[in-house]
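Peer 1: Quick note, the sequences are listed as chains A and B, same order.
All the letters of the first sequence, read from the start, carry residue numbers 1 to 257 under the numbering used here.
All the letters of the second sequence, read from the start, carry residue numbers 1 to 209 under the numbering used here.
Be careful, since some hints might not be right.
Lysine to aspartate or glutamate pairs mimicking DMTMM-like chemistry, simulated, CA-CA at most 25 Å apart [as the list claims (entries may be wrong)]:
1. Lys113(B) to Asp153(A)
2. Lys27(B) to Asp64(A)
3. Lys21(B) to Asp31(A)
4. Lys113(B) to Glu186(A)
5. Lys107(B) to Glu160(A)
6. Lys21(B) to Glu213(A)
7. Lys113(B) to Asp88(A)
8. Lys232(A) to Glu213(A)
9. Lys57(B) to Glu115(A)
10. Lys41(A) to Glu245(A)
11. Lys252(A) to Asp6(B)
12. Lys189(A) to Glu115(A)
13. Lys41(A) to Asp64(A)
14. Lys191(B) to Glu237(A)
15. Lys252(A) to Asp132(B)
16. Lys27(B) to Asp39(B)
17. Lys17(B) to Glu34(A)
18. Lys189(A) to Glu162(A)
19. Lys21(B) to Glu162(A)
20. Lys17(B) to Glu60(A)
21. Lys180(A) to Glu219(A)
22. Lys58(A) to Asp14(A)
23. Lys41(A) to Glu20(B)
24. Lys41(A) to Glu186(A)
25. Lys21(B) to Glu140(A)
26. Lys189(A) to Glu245(A)
27. Lys107(B) to Glu115(A)
28. Lys21(B) to Glu37(B)
29. Lys252(A) to Asp161(B)
30. Lys113(B) to Glu162(A)
31. Lys191(B) to Glu71(A)
32. Lys191(B) to Glu125(B)
33. Lys21(B) to Asp64(A)
34. Lys17(B) to Asp88(A)
35. Lys17(B) to Asp6(B)
Some chain A residues close to chain B (C-beta under 10 Å, calculated; not the full set) [what the hints assert, rightly or not]:
36. Ser3
37. Glu71
38. Ala95
39. Phe120
40. Ala149
Since the hints were derived computationally from the structure, they do not count as laboratory data.
For glycine and all other residues, C-beta sits at the position ideal for the given N, C-alpha and C.
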Amino acid sequence: MLSKRIIPCLDVHDGRVVKGTNFVQLRDAGDPVELAALYDKEGADELIFLDITASSDKRETMVDVVRRTAEQVFIPFTIGGGLRTIEDIRRMLRAGADKIALNTSAVQTPRLIQEGAHAFGSQCIVVAIDARSTAPGRWEVYIHGGRTATGRDVLEWAAEAEALGAGEILLTSMDRDGTKIGYELELTKAVSRAVSLPVIASGGVGTLEHLAEGLTLGEADAVLAASIFHYKEYSIEEAKRYLAERGILVRKTGGLV
Amino acid sequence: MIGIVDYGRGNLRSVEKALEKVGYQAKIMNDPQELSEVDGLILPGVGAFADAMGALKIMDWIEPLTQFAHSGRPFLGICLGMQLLFEIGEEHGEHAGLGLLAGRVIKFPPGGKVPHMGWNSLNFEQSSRLLDGIPNQSDFYFVHSYYADPSESRDIIATSDYGIVFPAVVGRENVWGAQFHPEKSSPWGLKLLTNFGKLVNDNVALSSN
Numbered sequence: 001m002l003s004k005r006i007i008p009c010l011d012v013h014d015g016r017v018v019k020g021t022n023f024v025q026l027r028d029a030g031d032p033v034e035l036a037a038l039y040d041k042e043g044a045d046e047l048i049f050l051d052i053t054a055s056s057d058k059r060e061t062m063v064d065v066v067r068r069t070a071e072q073v074f075i076p077f078t079i080g081g082g083l084r085t086i087e088d089i090r091r092m093l094r095a096g097a098d099k100i101a102l103n104t105s106a107v108q109t110p111r112l113i114q115e116g117a118h119a120f121g122s123q124c125i126v127v128a129i130d131a132r133s134t135a136p137g138r139w140e141v142y143i144h145g146g147r148t149a150t151g152r153d154v155l156e157w158a159a160e161a162e163a164l165g166a167g168e169i170l171l172t173s174m175d176r177d178g179t180k181i182g183y184e185l186e187l188t189k190a191v192s193r194a195v196s197l198p199v200i201a202s203g204g205v206g207t208l209e210h211l212a213e214g215l216t217l218g219e220a221d222a223v224l225a226a227s228i229f230h231y232k233e234y235s236i237e238e239a240k241r242y243l244a245e246r247g248i249l250v251r252k253t254g255g256l257v
Numbered sequence: 001m002i003g004i005v006d007y008g009r010g011n012l013r014s015v016e017k018a019l020e021k022v023g024y025q026a027k028i029m030n031d032p033q034e035l036s037e038v039d040g041l042i043l044p045g046v047g048a049f050a051d052a053m054g055a056l057k058i059m060d061w062i063e064p065l066t067q068f069a070h071s072g073r074p075f076l077g078i079c080l081g082m083q084l085l086f087e088i089g090e091e092h093g094e095h096a097g098l099g100l101l102a103g104r105v106i107k108f109p110p111g112g113k114v115p116h117m118g119w120n121s122l123n124f125e126q127s128s129r130l131l132d133g134i135p136n137q138s139d140f141y142f143v144h145s146y147y148a149d150p151s152e153s154r155d156i157i158a159t160s161d162y163g164i165v166f167p168a169v170v171g172r173e174n175v176w177g178a179q180f181h182p183e184k185s186s187p188w189g190l191k192l193l194t195n196f197g198k199l200v201n202d203n204v205a206l207s208s209n
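The whole structure should be built from the sequences, with the hints applied where relevant.
Peer 2: Listed below in structure tokens is the structure:
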């Protein structure tokens, strides 16, 4: 049967991995290619690189990271951040990425989802949604790295993205991001039920119990985490063992085989 | 030398890098003429069945691929490349495939999430050199919405379970298919590619004797 996935996320700024709290205060966490290769070895199921370099003249740095990662990493990896055109998508896929994530550009130009899915297949188009709570059971879509409110309802946007041909939803709770108090489970569950696409829960994980909750109570297909892995609070293997002990199906790797 | 067919559909670079990683030389080929230079062949692919067959047709790959398969040299289809080995694909209407294996390519029944995306385990149905040294129940990375339904069960080497049981590895004589992406299925996918490389080398040694 299909396993639940654990996905380390690497925020990349100027070719270095960084991690902030609530989208600011960046701390250096290492070389992206080295970290990616380490996570592959440790049994991560997939990787996501989010390019948080604002200026487009630094984009070449990211293409280089992708190219070098593809030479050493033999699990699927996704690139997101600043991709605005079909040509941007093509470049990343050509450099060796398996999927790309669209956020701001998808909200501003929804047909980019459609064109991307048509040109490269739905399986490589991930729509990333940054969500902020507005009222109980309601969430609003934010863009520009969480700086701009769009007035759009998260559940409606997720359903529209699916209809346009998205293959997966990467759902980040802005209220929880960097807080380490756990995923926003109501949000995750609501989006998982609103679409029939795989949903990756993101934002707020601080313990292994949070990972388990995201996959069970949140009904997510995959969980994304950054700092708990980067700062070696937990290893991927520990996370998998913890989940397996709770009856959650995970890929057997390393010592677990 | 292992050839990788470039018909504009798929992440060829990953397949090339994975083969290099396990010690085999690979060559991305966009000209069917080059088939005479290679000892083994990989047909990768993502996307839709009819679109891929159309691309192979326009680039004049169909007949050379068939000849290659009949030459006895090892031939591996990956993901959509595996599906193309069959006679008929039912994605967006009925379309002819390469017909190297008997059967059809059909859609997952409604109910589950499609595409089937992520890591799933294999159940070995028979032994195969392609799976040498890989433990039964090992996990591989899948992304697909359709699956192959071979007419002959003896062509099924391993299956996987996604609500229904479907073929994950197929093969007959020198032609194999993997529904998952071995190049993205570290560590066992790399082991499978190593096994394929060995099959290629052994076939070269055999032919030169």
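Peer 1: All hints, please: hold or fail.
Peer 2: How the hints compare with the structure:
no.	hint	result
1	Lys113(B) to Asp153(A)	holds, 23 Å
2	Lys27(B) to Asp64(A)	holds, 22 Å
3	Lys21(B) to Asp31(A)	holds, 21 Å
4	Lys113(B) to Glu186(A)	holds, 21 Å
5	Lys107(B) to Glu160(A)	holds, 23 Å
6	Lys21(B) to Glu213(A)	violated, 37 Å
7	Lys113(B) to Asp88(A)	violated, 28 Å
8	Lys232(A) to Glu213(A)	holds, 21 Å
9	Lys57(B) to Glu115(A)	holds, 24 Å
10	Lys41(A) to Glu245(A)	holds, 22 Å
11	Lys252(A) to Asp6(B)	violated, 33 Å
12	Lys189(A) to Glu115(A)	violated, 28 Å
13	Lys41(A) to Asp64(A)	holds, 21 Å
14	Lys191(B) to Glu237(A)	holds, 21 Å
15	Lys252(A) to Asp132(B)	holds, 18 Å
16	Lys27(B) to Asp39(B)	holds, 11 Å
17	Lys17(B) to Glu34(A)	holds, 17 Å
18	Lys189(A) to Glu162(A)	holds, 16 Å
19	Lys21(B) to Glu162(A)	violated, 36 Å
20	Lys17(B) to Glu60(A)	holds, 21 Å
21	Lys180(A) to Glu219(A)	holds, 19 Å
22	Lys58(A) to Asp14(A)	holds, 7 Å
23	Lys41(A) to Glu20(B)	holds, 18 Å
24	Lys41(A) to Glu186(A)	violated, 33 Å
25	Lys21(B) to Glu140(A)	violated, 45 Å
26	Lys189(A) to Glu245(A)	holds, 23 Å
27	Lys107(B) to Glu115(A)	holds, 23 Å
28	Lys21(B) to Glu37(B)	holds, 21 Å
29	Lys252(A) to Asp161(B)	holds, 16 Å
30	Lys113(B) to Glu162(A)	holds, 12 Å
31	Lys191(B) to Glu71(A)	holds, 17 Å
32	Lys191(B) to Glu125(B)	holds, 18 Å
33	Lys21(B) to Asp64(A)	holds, 19 Å
34	Lys17(B) to Asp88(A)	holds, 22 Å
35	Lys17(B) to Asp6(B)	holds, 15 Å
36	Ser3	holds, 4 Å
37	Glu71	holds, 5 Å
38	Ala95	holds, 8 Å
39	Phe120	holds, 8 Å
40	Ala149	violated, 30 Å
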